[in-house]
Amino acid sequence: KNQVEQSPQSLIILEGKNCTLQCNYTVSPFSNLRWYKQDTGRGPVSLTIMTFSENTKSNGRYTATLDADTKQSSLHITASQLSDSASYICVVSAFGGYNKLIFGAGTRLAVHP
Amino acid sequence: DSGVTQTPKHLITATGQRVTLRCSPRSGDLSVYWYQQSLDQGLQFLIQYYNGEERAKGNILERFSAQQFPDLHSELNLSSLELGDSALYFCASSVEGQGAQEQYFGPGTRLTVT
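The listed protein sequences correspond, in order, to chains P and C. According to the working numbering, the stretch in the first sequence is residues 910 to 1022, in order. According to the working numbering, the stretch in the second sequence is residues 4 to 117, in order.
Just chain P, with the same shape it has in the complex (with noise of 0.2 Å):
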């Protein structure tokens, strides 16, 4: 089964500090993994989106990596402002002609100051 598992499942730390986040998935055959922020009742917006030839890709300060070995991913938050606070949702993509995403079940990442 398809599946994308994150990890923890909740985070706090306080601004200025780097964090990161995981991400484990099953879904076969790969085709390509996203990175999500979503604000509290708002629409997820894309951070990164890695296929299976990409080891790294930033965004600013998000830097995200991928293990296709392995089946890992990684976000990771550098500089930590309040304006991060958000749930960081990690989805996975199979091949198969059509775009249908299966989506982790997020962080919920806390900055404090």
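Worth flagging that the hints you see were computed from the coordinates, not collected in a lab. Check before you lean on any hint, since a few could be wrong.
Unchecked claim - Rough simulated footprint, nothing fancy, chain C against chain P, three-plus residues with beta-carbon under 8 Å: (1) 952-959; (2) 1011-1022.
As the list claims (entries may be wrong) - Some chain C residues well away from chain P (every beta-carbon gap over 12 Å; in silico): (3) Val7; (4) Ala17; (5) Gly19; (6) Leu46; (7) Gly55; (8) Pro73; (9) Asp74; (10) Asn80; (11) Gly87; (12) Leu91; (13) Glu105; (14) Val116.
Claimed, not checked - In silico negatives: residues of chain C with every beta carbon more than 10 Å from chain P: (15) Pro11; (16) Ile15; (17) Gln44; (18) Gln47; (19) Asn54; (20) Gln106.
All C-beta atoms, glycine included, are put in the ideal place defined by N, C-alpha and C.
Using the hints provided, position chain C relative to the given structure of chain P.
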């Protein structure tokens, strides 16, 4: 602002009723996706349309149906509503319907069934 619009923003209705949610994709996007997000739960893919035709189906109940019109806007119809259908419903769009296409999400419609 993603460029995807959804109406209405909020909807409150009673059990057993039927509602229609509307989505307008970004200009130039041919594919539309519908997702459901229940309270404190992850997003669930419901259905995808590409240029007017159904492309993929996810966990969509038989009481739910959708369509994409010639002008590419889409509607999600929910009937015989139950309390458990209360959720945020998101629409997303992409240029095409496959591969590593960026999906842009709308602001969502919050449905409350009482």
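Each hint tested on the structure:
{"no.": "1", "hint": "952-959", "verdict": "holds (count 5)"}
{"no.": "2", "hint": "1011-1022", "verdict": "holds (count 5)"}
{"no.": "3", "hint": "Val7", "verdict": "violated, 8 Å"}
{"no.": "4", "hint": "Ala17", "verdict": "holds, 23 Å"}
{"no.": "5", "hint": "Gly19", "verdict": "holds, 27 Å"}
{"no.": "6", "hint": "Leu46", "verdict": "violated, 4 Å"}
{"no.": "7", "hint": "Gly55", "verdict": "holds, 15 Å"}
{"no.": "8", "hint": "Pro73", "verdict": "holds, 21 Å"}
{"no.": "9", "hint": "Asp74", "verdict": "holds, 21 Å"}
{"no.": "10", "hint": "Asn80", "verdict": "holds, 21 Å"}
{"no.": "11", "hint": "Gly87", "verdict": "holds, 18 Å"}
{"no.": "12", "hint": "Leu91", "verdict": "violated, 7 Å"}
{"no.": "13", "hint": "Glu105", "verdict": "violated, 6 Å"}
{"no.": "14", "hint": "Val116", "verdict": "holds, 18 Å"}
{"no.": "15", "hint": "Pro11", "verdict": "holds, 15 Å"}
{"no.": "16", "hint": "Ile15", "verdict": "holds, 16 Å"}
{"no.": "17", "hint": "Gln44", "verdict": "violated, 7 Å"}
{"no.": "18", "hint": "Gln47", "verdict": "violated, 7 Å"}
{"no.": "19", "hint": "Asn54", "verdict": "holds, 13 Å"}
{"no.": "20", "hint": "Gln106", "verdict": "violated, 7 Å"}
Hints 3, 6, 12, 13, 17, 18, 20 from the earlier list are contradicted by this structure; the remaining hints agree with it.
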